[in-house]
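Undergrad: In order, the protein sequence lines correspond to chains A and B. In terms of our numbering, the first sequence opens at residue 16 and continues consecutively. In terms of our numbering, the second sequence opens at residue 16 and continues consecutively.
Some clues are possibly wrong.
Repeated chains share a single entry, so a pair holds when one copy, or any two copies, can fit it.
[Stated by the list, open to error] Simulated pairs of lysine to aspartate or glutamate, DMTMM-like, Cα-Cα distance not exceeding 25 Å:
{"#": "1", "residue 1": "K55", "residue 2": "E115"}
{"#": "2", "residue 1": "K291", "residue 2": "D218"}
{"#": "3", "residue 1": "K145", "residue 2": "D75"}
{"#": "4", "residue 1": "K291", "residue 2": "D216"}
{"#": "5", "residue 1": "K144", "residue 2": "D294"}
{"#": "6", "residue 1": "K291", "residue 2": "E212"}
{"#": "7", "residue 1": "K275", "residue 2": "E115"}
{"#": "8", "residue 1": "K17", "residue 2": "E168"}
{"#": "9", "residue 1": "K179", "residue 2": "E217"}
Just so you know, the hints here were simulated from the structure itself, not pulled from any lab data.
Protein chains: 2
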Amino acid sequence: MKNVGIIGLGLIGGSYGLALKESGKYRVFGTDRDGKHLQKAIELGLVDDVLSEDMLEHTDLLILAVPVDRLPGLAVEFLEKTGDTTWVFDTGSIKRNLSEAIDNHPSRRRFVLSHPIAGTEYSGPQAAKKELFRGKINIITDPQRSSPEALAEVTALHEAIGMKNYYMSSAEHDKHIAYVSHLSHVSAFVLGQTVLEIEQDEDNIFLMAGSGFASTVRLAKSSPETWTPIFGENRHEILKVLQAYRKNLDAFIALLESDKREEIFHILQQVNRIGKVIDRINRKNGKS
Amino acid sequence: MKNVGIIGLGLIGGSYGLALKESGKYRVFGTDRDGKHLQKAIELGLVDDVLSEDMLEHTDLLILAVPVDRLPGLAVEFLEKTGDTTWVFDTGSIKRNLSEAIDNHPSRRRFVLSHPIAGTEYSGPQAAKKELFRGKINIITDPQRSSPEALAEVTALHEAIGMKNYYMSSAEHDKHIAYVSHLSHVSAFVLGQTVLEIEQDEDNIFLMAGSGFASTVRLAKSSPETWTPIFGENRHEILKVLQAYRKNLDAFIALLESDKREEIFHILQQVNRIGKVIDRINRKNGKS
């Protein structure tokens with residue numbers, strides 16, 4: 016059995032803990048700078064035991080599962096606190112800031128930039144789920160900068176919890192993820208904000224809203240602690256995406272102002288193609 | 016047993032058919048101007064039999080389940096084709112255009128403006144579901160303009176399929192529904208459009224997208240035939256809502272440009288309140 020340490024026991028770190036324990040191949044230790052989170056994680060059995068500093072030398076794999084603005088500092092700190100045979104990886108949903116912070120570090124090759132494409136709109140240790148990662152994709156960026164041993168161990172760990180590994184550059188990752196994840200979060204937050212502002216009476220929203228509204232606005236429940244740093248750190252890519260979104264929104268508004276129904280119909284028909292993609296994603300996630 | 020006629024056997028009309036048959040209280044007849052839809056509806060058993068013109072005089076309740084731009088014309092037509100004891104109601108998701116078209120009609124009191132808050136992103140007879148309406152809310156607008164008998168029959172029908180009736184004015188309805196339903200549809204369509212434009216390679220979307228993207232963009236699968244007329248007919252309310260949404264989007268873009276994380280954090284935290292509302296909606300819809 017290999018020893019895995021997890022720094023940060025929220026939704027993502029906690030779910031790694033549960034999944035790795037379940038695999039039967041890893042002993043799992045964890046810590047969290049928030050004492051209440053740590054206590055809750057132990058109570059819920061997310062990890063086998065608390066990870067203390069003196070155990071770092073016996074740790075085979077170390078997972079950094081903290082908000083993206085804390086990753087660059089923590090990555091350097093733990094590359095220095097761990098020895099030659101400890102492989103370190105993160106779970107952050109943006110990669111360039113971290114990549115730049117460690118690229119010249121002498122222990123860079125022990126680090127693997129890693130992003131599991133999985134999550135829910137909930138956060139904290141109580142949101143952790145054993146099956147969060149099963150059937151999902153893990154993206155590893157800039158693999159050529161990690162040692163073959165580090166890559167082998169980190170990909171094996173993800174396979175052990177039911178994931179498939181894919182590779183790309185950090186720049187590509189941050190660009191694409193801005194489109195398919197960060198933009199969805201912004202549009203959901205802005206939708207929630209707009210509806211809350213106008214519909215002062217929440218009963219009205221409840222009365223008139225169907226499952227469509229609940230689905231579209233769902234990501235507006237996401238944690239500000241997680242998402243503020245993601246928006247901030249990936250702002251250059253997100254701003255490009257938001258300009259494209261805004262341009263399309265403005266065009267739609269203009270068509271509606273002049274009541275151009277044929278053009279609106281044509282756009283909706285084009286966009287319907289997204290249905291095929293949604294169906295594939297839902298099959299991947301085990302939803303019919 | 017009462018006889019119900021349904022004009023339009025798509026998702027909504029077909030689901031009324033299934034639910035009313037299931038209740039054991041209604042014999043259900045239906046028709047659709049699209050011959051293939053009608054044939055499919057009969058094959059699927061959405062209705063007991065085809066509704067022919069000469070049966071209209073024996074029809075106790077007539078449901079108009081067609082796109083909202085066809086409702087004003089059809090409402091007048093069927094108020095004239097039916098007799099004094101046939102109650103007519105629609106299922107449209109906007110009410111003012113219909114209300115204006117029939118308000119001076121001599122048979123106005125036989126008509127009930129009605130909108131079941133239920134639906135899916137699918138369309139056509141094959142999308143009909145027996146349980147679509149169970150536990151959901153039906154909104155009746157301008158009830159003072161319908162006769163007490165018409166109201167009693169239409170509310171009883173909705174109760175028989177497991178719905179609760181609520182009342183408001185047509186103007187209020189169209190304003191609120193623009194916020195909680197139409198805005199969600201526009202933001203989902205624009206999200207889908209933007210992602211499809213940039214991510215030419217659908218495999219990339221599939222690879223990087225999690226359940227969050229699928230959920231946020233889901234309504235972009237909705238039928239252009241249904242939604243173009245809704246957008247067009249309710250454009251004045253929707254435009255007001257879209258201006259508010261755009262203002263919030265612009266403010267978010269400005270905060271991101273100047274990397275004002277504290278302000279972004281504060282907004283996300285405020286918007287998190289929507290979570291309580293989503294949870295209530297999901298409970299209403301039988302989702303945990």
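Undergrad: Each hint needs a verdict: does it hold in this structure or not?
TA: Each hint tested on the structure:
Within a single copy, K55 and E115 get their C-alpha atoms no closer than 34 Å, and across copies no closer than 59 Å, so neither meets the 25 Å cut-off. For the identical chains of this complex, K291 and D218 are inter-copy neighbours only, at 11 Å across copies versus 35 Å inside a copy, given an alpha-carbon limit of 25 Å. In this assembly of identical chains, the alpha carbons of K145 and D75 lie at most 25 Å apart only when taken from the same copy (21 Å versus 54 Å across copies). In this assembly of identical chains, the alpha carbons of K291 and D216 lie at most 25 Å apart only when taken from different copies (13 Å versus 37 Å within one copy).
With identical chains, the CA atoms of K144 and D294 are at most 25 Å apart both within one copy (23 Å) and between copies (19 Å). In the homo-oligomer, the alpha carbons of K291 and E212 lie at most 25 Å apart only across protomers (15 Å), although the nearest pairing inside one protomer, at 34 Å, exceeds that limit. Taking CA atoms no more than 25 Å apart as the test, K275 paired with E115 passes between copies only; the shortest distance there is 22 Å, against 48 Å inside one copy. Only within a single protomer do K17 and E168 lie at most 25 Å apart by alpha-carbon distance; the minimum there is 10 Å, versus 69 Å between protomers.
In this assembly of identical chains, K179 and E217 lie within 25 Å of each other by CA distance solely across copies; the values are 18 Å between and 42 Å within a copy.
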